[in-house]
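Residue numbers (numbering that gives the first Met the number 0), protein chains in the order written: chain X, 0 to 765; chain A, 0 to 86.
Bear in mind the hints are in silico, worked out from the structure with no lab data behind them.
Since this is a predicted model, take the numbers as computed values, not measurements.
Don't be surprised by glycine CBs; every beta carbon is placed ideally from N, CA and C.
Residues from chain A that keep clear of chain X, each with C-beta distances beyond 12 Å, as calculated:
id, residue
1, Ile20
2, Glu22
3, Ala24
4, Thr25
5, Leu27
6, Glu28
7, Asn35
8, Glu36
9, Pro38
10, Ser73
Output of the computed footprint for chain X on chain A, the stretches with three or more beta carbons under 8 Å from beta carbons of chain X:
id, segment
11, 48-61
12, 79-86
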Amino acid sequence: MATIDETKAAEGSGDTPKYKVIGTRPIRHDGADKVTGRALYGADIKVKGMIYGAILRSPHAHANIKSIDTSKAKALPGVRAVITSADLPEPGDKIAELGEGSVVLNHLSSNNLARTKVLYKGHSIAAVAADNIHIAQEAANLIEVEYEVLPPVLNVLKAMSDEAPVLNPDVRTEEVATGEKGDEPTNIAKRFLFEKGDIEKGFAEAKYVVEREFNTSTVHQGYIEPHVATALWNNDGQITVWTSTQGTFSVRQQVAELLDVPLARVKVVPAEIGGGFGGKISVYLAPVAATLSRIAGAPVQVVMDRTDVLQATGPTPGSHIKIKMGVDADGHITAADAWMAYEAGAYPGSPIGAGAMCVFSCYDVPNGRVEGYDVCVNKPRTNAYRAPGATNAAFATETVVEELCEKLGMAPVDFRLLNASKEGTRRVDGVTYPRIGLVETLEAIKESDHFKSPLEAQHRGRGIASGFWFNAGLKSAVTATVNSDGSVSLLEGSTDIGGSRTAIAMQFAETLGIAAEDIKPAVVDTDSVGYTDVTGGSRVTYATGWAAYEAGKDLQRQIVARAADLWEVDSDQVSYEDGYVLGPDKKVSFKEIAVELSAVGEPLVGRGVSNHNEPGGAFGTHVVDVEVDPDTGKVDILRYTAAQDCGTAIHPAYVEGQIQGGAVQGIGWGLNEEYWYDEDGSMRNANFLDYRIPTCYDLPMIDTIIVEVPNPGHPFGVRGVGEVPIVPPPAALAAAIYDAVGVRMDELPMSPPRVLHELLKKQKES
Amino acid sequence: MPRLFIPPLLRSYCGGKEEMIVEGATVLEAVQSLDNEYPGVMERLCPEGKLRAGTSVTVDQNVTPRGLSQKVSSESEIHFLPAIGGG
Numbered sequence: 000m001a002t003i004d005e006t007k008a009a010e011g012s013g014d015t016p017k018y019k020v021i022g023t024r025p026i027r028h029d030g031a032d033k034v035t036g037r038a039l040y041g042a043d044i045k046v047k048g049m050i051y052g053a054i055l056r057s058p059h060a061h062a063n064i065k066s067i068d069t070s071k072a073k074a075l076p077g078v079r080a081v082i083t084s085a086d087l088p089e090p091g092d093k094i095a096e097l098g099e100g101s102v103v104l105n106h107l108s109s110n111n112l113a114r115t116k117v118l119y120k121g122h123s124i125a126a127v128a129a130d131n132i133h134i135a136q137e138a139a140n141l142i143e144v145e146y147e148v149l150p151p152v153l154n155v156l157k158a159m160s161d162e163a164p165v166l167n168p169d170v171r172t173e174e175v176a177t178g179e180k181g182d183e184p185t186n187i188a189k190r191f192l193f194e195k196g197d198i199e200k201g202f203a204e205a206k207y208v209v210e211r212e213f214n215t216s217t218v219h220q221g222y223i224e225p226h227v228a229t230a231l232w233n234n235d236g237q238i239t240v241w242t243s244t245q246g247t248f249s250v251r252q253q254v255a256e257l258l259d260v261p262l263a264r265v266k267v268v269p270a271e272i273g274g275g276f277g278g279k280i281s282v283y284l285a286p287v288a289a290t291l292s293r294i295a296g297a298p299v300q301v302v303m304d305r306t307d308v309l310q311a312t313g314p315t316p317g318s319h320i321k322i323k324m325g326v327d328a329d330g331h332i333t334a335a336d337a338w339m340a341y342e343a344g345a346y347p348g349s350p351i352g353a354g355a356m357c358v359f360s361c362y363d364v365p366n367g368r369v370e371g372y373d374v375c376v377n378k379p380r381t382n383a384y385r386a387p388g389a390t391n392a393a394f395a396t397e398t399v400v401e402e403l404c405e406k407l408g409m410a411p412v413d414f415r416l417l418n419a420s421k422e423g424t425r426r427v428d429g430v431t432y433p434r435i436g437l438v439e440t441l442e443a444i445k446e447s448d449h450f451k452s453p454l455e456a457q458h459r460g461r462g463i464a465s466g467f468w469f470n471a472g473l474k475s476a477v478t479a480t481v482n483s484d485g486s487v488s489l490l491e492g493s494t495d496i497g498g499s500r501t502a503i504a505m506q507f508a509e510t511l512g513i514a515a516e517d518i519k520p521a522v523v524d525t526d527s528v529g530y531t532d533v534t535g536g537s538r539v540t541y542a543t544g545w546a547a548y549e550a551g552k553d554l555q556r557q558i559v560a561r562a563a564d565l566w567e568v569d570s571d572q573v574s575y576e577d578g579y580v581l582g583p584d585k586k587v588s589f590k591e592i593a594v595e596l597s598a599v600g601e602p603l604v605g606r607g608v609s610n611h612n613e614p615g616g617a618f619g620t621h622v623v624d625v626e627v628d629p630d631t632g633k634v635d636i637l638r639y640t641a642a643q644d645c646g647t648a649i650h651p652a653y654v655e656g657q658i659q660g661g662a663v664q665g666i667g668w669g670l671n672e673e674y675w676y677d678e679d680g681s682m683r684n685a686n687f688l689d690y691r692i693p694t695c696y697d698l699p700m701i702d703t704i705i706v707e708v709p710n711p712g713h714p715f716g717v718r719g720v721g722e723v724p725i726v727p728p729p730a731a732l733a734a735a736i737y738d739a740v741g742v743r744m745d746e747l748p749m750s751p752p753r754v755l756h757e758l759l760k761k762q763k764e765s
Numbered sequence: 000m001p002r003l004f005i006p007p008l009l010r011s012y013c014g015g016k017e018e019m020i021v022e023g024a025t026v027l028e029a030v031q032s033l034d035n036e037y038p039g040v041m042e043r044l045c046p047e048g049k050l051r052a053g054t055s056v057t058v059d060q061n062v063t064p065r066g067l068s069q070k071v072s073s074e075s076e077i078h079f080l081p082a083i084g085g086g
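The shape of chain A in the complex, shown without the other chains (with noise of 0.2 Å):
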């Protein structure tokens, strides 16, 4: 199942847990398995089921354009991470 790091100012409300093992074909999805962990958390992450603005989503080690869309193996690791851009 994939992994699921949580943002450290969001660890708070998640039992101060880092990351989690989470159940989920997509981002969305696993971000669910966690609310369903700990209820709350899907509206501070992704709002009404989208990304927030200014967020990015990466899953193994790449920023995904697909966002919560984006399908993740039982292998992946999901991070949210402030979206950049370049010069």
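Chain X with its partners taken away, still in its complex shape (with noise of 0.2 Å):
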């Protein structure tokens, strides 16, 4: 484990790069194969006898299952297996840990296939594995399902009410650190609460107080590949899957868990990710797949569709916000208040722990309070989507951040300098922070030529806005074996999303002294390499980068040992420097005792884990400039920039794709997505047809300034970098459309028909 001394150890001095590889920009390894169409994804997956699935799901928004006759669909020739929750083993009231969370597994059971209740349209109940994929649809539209259907409840606030039709019977108000539940059943699942100091005493003191209630609207992950899972359950009872998934070793604790069999007995294939963001992690099709699979006796493949996508998978949540923030004179916090309630849609599992740890997290906040409620609506389960639950936050914070600024007539940046968190800073939540780079992702964007460039014309206007996440680090496993020409296999666990196979590879080679190119690393399945948790939570390049740092000194280490020993030394002659092996009167380059070694010895395996959880957390600031018609409410996009701390940016153009990448979720977030539900709870929006995403034609270049404060808690410097960039592109939007035209929007998106309501409310008023 690297030391602090270590560390510094590798500071560069004057104009000498601090590193040999980090920083550098080699082409990433699986790029000709993803340029040309020879990259795997889950659907290419092809295996010998394989059948396909289809899924029978709810029309309903929420209804009771009095009935389900599958005996027309058995019937219908060419079909191999039908199976309904009935088929699945109960899980009773266990809870799983799937390293990033828990899980009540008779809800991801039930959410996989529906067992007395549907939760939401799209939810699936059954399902079908026939020789074709056109039998298979045919014969699931051949189940009977007779329910009593139920009304939907679609909001959050209104899912709290006590007139309210309950969602799930199990579910109570569950107060977290306490664990006391309620004693009826109800749709809030849990409550939490953080305060800091006196909140009274502090809004006594403050001189100016905002309070405003923001809402933010249902919004899915987009990525463009849907959610696949091929099965084969053999009949010694070995399961293998074959997905795409942002975890394969969560998949198969899912698996073994709710098809109760071991976890040795299950291996899961990674096929490469076409996308994920935190969509990818709970299972919906691989138990249903090795199901049929074990009743069919055959390979079975299940396909989601783009409809099935966004009814039927996870999106983040809608959200109500209430904020209070107070300052005093001098522009200085006095006090902050929060009240949260997100939607976890059907089921327990919304990111309100996240979004209360979040709302204040860029600000120096003497007495805080922050209330927050996990609540159930008749909408899919949500899942996790970049910097879970903060731009929700930060969407309401920054806002009245905002307003506070204008009764003080202080400059926007500025109050957020003087307000800055800093290391040694206490979040509401209790925790201090440790060396931290909002300061000077702030001052990056005071200082960048666009924030200084002048914005002229009507109806244009400039915003800023923060944000955090926390980043996770978790177990990470990493296995190098050294070829006979001096080249490494490096296998590893992590799916690669946003280029991490190389990242990883840099951190080895830098460790190694040697050049990435000469390393293959491989993104292997769960039998092939130590546990490894999920892609997800910013924490891969952190932490399997980690776990490749400690290949490489163990690989050092052997190295010196066998040198010493084919050069008849001892072994504290000999020494390992960037690249060399010394010893006395020898320097031997590492391929070249590679080649020594391999010719007369065992082979050289190195074995690197990581279970550190310093990540440090990321800041990042943008800026944005933009032109609002104001006889239709569309706000263009003229200029964007975001300076994000990346700690130390290992491939910078990779640090460059995910800030932008993360921005345009987040501008997508902020002007035009949602989940557009009618009264019946039928998602009326769900293909990409009619849910709008950005694309290329919407927006200009995301230019990006990438600051770099080393996370002292990681040999490198790593911090996470992909969940920040999500976080302060409403909040900036915002802000800039409110300089543009002078309406505050309180609601996401900031659509035209939202933005329009608002000019001509104002218009009214004048």
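Since each chain sits alone in its own frame, please combine them into the complex, following the hints.
What follows is the structure in structure tokens.
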């Protein structure tokens, strides 16, 4: 494990780069396969004898299932299996820890195949496997389900009322930390509370107080590749799952738990992933495909279509947030109070906890209170989406901050600098920050060409906003085998989203002092590498990179010992420095020693694991210029710049890509994305034609500023990058819209009809 | 001795205190120390000596994967927070 001294020893001096590999831009190892179409994604997997699965989904948003008759489906020629939840083991009240949070298995199982109730339109009820997809789909439509239709509840505040229909009779309100539960079934699954200082005293000391309410809509991650799972349940009980997922070991555990089999009986083989952003962690298809396979006696592939993905996977939640903040005459925050309710969807598990912890994270708040609720509604169960919970919270807080700045007559960037969280700042949840880089991102924006440039013409405005997320550490494992020519095969279990394969290889290369191009990284199945937690929480470059560093160190130790043996000297006379083995009167490169050692001894295999949780947290600050069409309410983005502290940019192009991608998704969240439901609880825009996400025609180049405040909790100073960039955009856009046309938006998305509504209201009031 | 920050929803069981200096070499021992002062807190915070699902322990700024078995120093700060997952 690296010490701080080792990290400091890596400091460059003058113009000398600190690192040889880190900070460069090698071509990604998977690039050729990706750009030529040779990369294999989930649906590209073809297994001998494979048959095809189809899912019957609920047409109702809320209903009791009175009966399911599958006889007609089973009778259709070509049908090989038909299953319902009755074919899945009853999980009871067991809760499983999945590395990144826990899950109530009964809820997860019921989400895969509904048991007694359907809780959203698109909820899966039964599944069919047949010789081809057309027969499977036809058979699914022959399944007869008798429903008792119930009224849906679609709004978080309405779901919290005593009169609301209750979705889950087993859900009681749990007070987090005490574990106390209410006596009655309810849609309010969890309550959180954080308090710091004296909130009443803080507001009493304030000169200006602003209190506002905000609403955000359900939005989807928008990954290009739909969910897919192919499963083979052998007669010997071995189960193989081929799937596109953010976490093969998590899939293994979920499948094992839901099917009640030992972990060692399940092997998960990763395909390439066509996006995930948090939406490909839960299983939706794998247990179903495996069960179909067991009955049919053949491998089964189940693929969602786009409507299925939007209706029946895990979007990120809509929310209702109340923010009250007070400042003194000098602009210092004296108090901040937040009340937050996030939609969990059909089953408990929204990111309310993270949202509650993030809501004031960018500010030094002496007196604070945050109350949060996890609330079930008749929508698909929510899942993570970059910086879960933080974007909703930032939109609310940053918008109140803007209004306080106006009252103070203070420039927003200066207010943020004055009140910014720094090392040692205590969050409202009680934890103090280690070394962090928020101030540096604010200063970077303040000094940027964009921020300094004039913005002229009518109906144009500029806004800034900041965001934070924690990032995660958790567990990773890596195995590195040195080949006889000195190249290295690097095996890891972290799904590659955004180039992490290369970023991990680079950290390994830096450790050994060799070229990144001499390493072949591979993401392998769950039987071929040690346990690795999901690709999520911006943890892979940090954690799997650390494991690679440890594997490199392990190889160094082995090489030194074996070189000493080969040269017949004491091991303390041999050292490894910058890719060379140094001994008495000897200096041999890594490649040369690899050739020698492979000829005379056992293979060189390095092993690295990490289980560190000092990810440091990350901050970003964005600035955006917009032009608002006063006749339509359409917001056009003229210029966008994002500054983010990434600790150390292992591969700057990937950092830039993550920042750009996150910003674009945040812009979509801010300006036009939302799940649109009718009164019956049907999503009316369950396709990409109607669920509008930004394209390159809608946006300028997202300019990035990489700020590097090394994380002292990592040997190379890495902080995760992917979570934060989605957080500032909605708030920055709201500020820019106000600057342009004088209306404050308190609801997302700030779509043309909503902006126009506010414009007309303002016009009428004037 | 380490400082244990009492979750707000638990403070009413601990005389309204926000934090308390406790004894112990691990998080579990620290909670036991708090329970000695305010009986019943242990069962609410970590029933049967186990961390509740969906709860994490932070020691000295970092969420610890070791949970209640995490060693603490005399200068340590202990917090119980919601477990979170990333995207």
